Amino acid sequence: MKIAVQTKNREFAFECSHDEAILHAGLRQGLSLPYECATGTCGTCRARVMTGEVDIGWQDAPGLANLKRDKGDVLMCQARPRTDCLLRVPSNVETLAAALPSVHRGVIRSARRLTEDVLHFELSLSSPMRFEAGQFVILEAPNLTGGRAYSMVNFHPEADHLAFVIKRKPGGGFSDWLFDQAAENVELGLFGPLGSAVFRPEEDRNILCIAGGSGIAGMMAILERATQSGYFGAHWGKVFFGVRTLADCFYLDELAEHVAAARGRLEVTVALSHEDAPSPRHQRVSSIGLASGVVLEVAAQITAGSCDDAIAYVAGPPLMVDGALKMLIAQAGLSPRQIRYDKFS
Amino acid sequence: MTWRRICKASDVAENSIGKFEVDGIPILVVNYGAGFRAIPPVCPHMEEPLAESGIIARCVLTCSKHLWAWNLQTLDMQGETERPLKTYDLKEEGGELFARIDGELTYEFEAEDDMDDDFFSKS
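Line by line, the protein sequences give chains A and B.
In this text, residue positions in the first sequence follow the working numbering: the first is 1347, and each later residue adds one.
In this text, residue positions in the second sequence follow the working numbering: the first is 18, and each later residue adds one.
These aren't lab readings, by the way, just hints derived from the structure by calculation.
Note that the coordinates shown come from a computational prediction; the quantities given were computed from them, not determined experimentally.
A few of these clues could be false.
Stated by the list, open to error - If the Cβ cut is set under 8 Å, some of the chain A residues that face chain B in the computed set are: (1) D1522; (2) G1679; (3) I1685.
Claimed, not checked - Covered by chain A, per the in silico footprint, the following chain B stretches (three or more residues, Cβ under 8 Å): (4) 63–71; (5) 78–84; (6) 89–102.
A virtual CB, placed ideally from N, CA and C, is assigned to each residue, including glycine.
Just chain A, same shape as in the assembly:
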């Protein structure tokens, strides 16, 4: 189907098949259509269907709540075209040449539990994917409707396998399936890479990471990229990883490797929100610090006034990210240009 898009600055047109999300089709053909979560929760990818018919997909998507559905508002990340369409998108949109997302297929090769409700799994890809540290993909499983967004935990400039971490959610179809069933050798469709909360060494800034739970995923890719390029030779890094209790920690050995490679320039602190820290450093992995409190408060105490020349990466549940953004601007004195974030719902 042909999709014509009127934006604030220009008109564009692109092809989209009946079973492809309009957002995916536009992004893979080089348009910077607006999005944030790409999974129906945030409303950023809103568009109005002026002519033509679409299947809006997930009827109860939270991102639809504030839209004028009777006037034809849809979420581009969910909507699939039934006919040729004309859409209006109330943003500036540009054409992009490099690093376009595309459709891939991946086979689950391994899955291992890290804690009671956190699992690490790896896919091997049908064709390599170029991505930046901090990006995510949308995974679609064969027996589930709708995709889920996961940030790559690993980093390689042209990766033929991708690693992810997933937290079990009550009633979460995808996480239940991975945790409970033998998912190895199952093939998934995926779309990506997506997201702009990326780390690029050439930006030459110090790194501050604030992660809530599985929000640590993209930070691991960022640290991997930084360590691979010897980045902490000339910069410092501070990572704050929020979990509920000590039993909920994971990736501590991987984090400790980055700390060791950084020779004193990288500090990692685990913030325990539901338990007092038993000691200032983790008993088994002593290069990791411990603190009591919610992660954004722990980060606030340590970063106040010392974040000039840093870029902050924030990822985690929406409330935690909202709080962290407020703290970074109001207390740590960062400007929006210095802040990159992902919110997962």
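Chain A is already provided as a structure; the job is to place chain B on it using the hints.
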């Protein structure tokens, strides 16, 4: 006859936002240190209530939801911001703040619509 008293200047602390209402019109008063601004209560991006999510620092208002930001002295849009901040004319007399109100300022969310023909290509 359209200047309306909003509050005392001392009612809004430096680098903070006060919520007021005049004739049923909600108005936020922002004290950015070097001055004051009177603005509608929501962000022009996706209607986030600025009294809750707005941060004032170094003469800049940032909406912490998606980091749209405006210089409050010049009203320049910063970074990713795509829409200007609307303001009511404001003056201070005798320690009191007055805003010129000729109807409620909106961002085409309720009254008009940012995807309707008249407004789509202009704003």
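Can you verify the interface hint for G1679(A): is its Cβ closer than 8 Å to any Cβ in chain B?
7 Å, holds
With a Cβ-Cβ cutoff of 8 Å, does the stretch 63–71 of chain B contain at least three residues near chain A?
Result for this restraint: holds, n = 3.
How about the stretch 78–84 of chain B: do at least three of its residues have a C-beta closer than 8 Å to a C-beta of chain A?
holds (count 5)
I1685(A) was flagged as interface toward chain B. Is the shortest Cβ-Cβ separation under 8 Å?
Status holds, d = 6 Å.
Restraint check, 8 Å cut-off on beta carbons, for D1522(A) near chain B:
31 Å, violated
Within 8 Å of chain A (C-beta), three or more residues of the stretch 89–102 of chain B:
Check passed, 4 qualifying residues.
Hint 1 from the list above is the single one not met by this structure.
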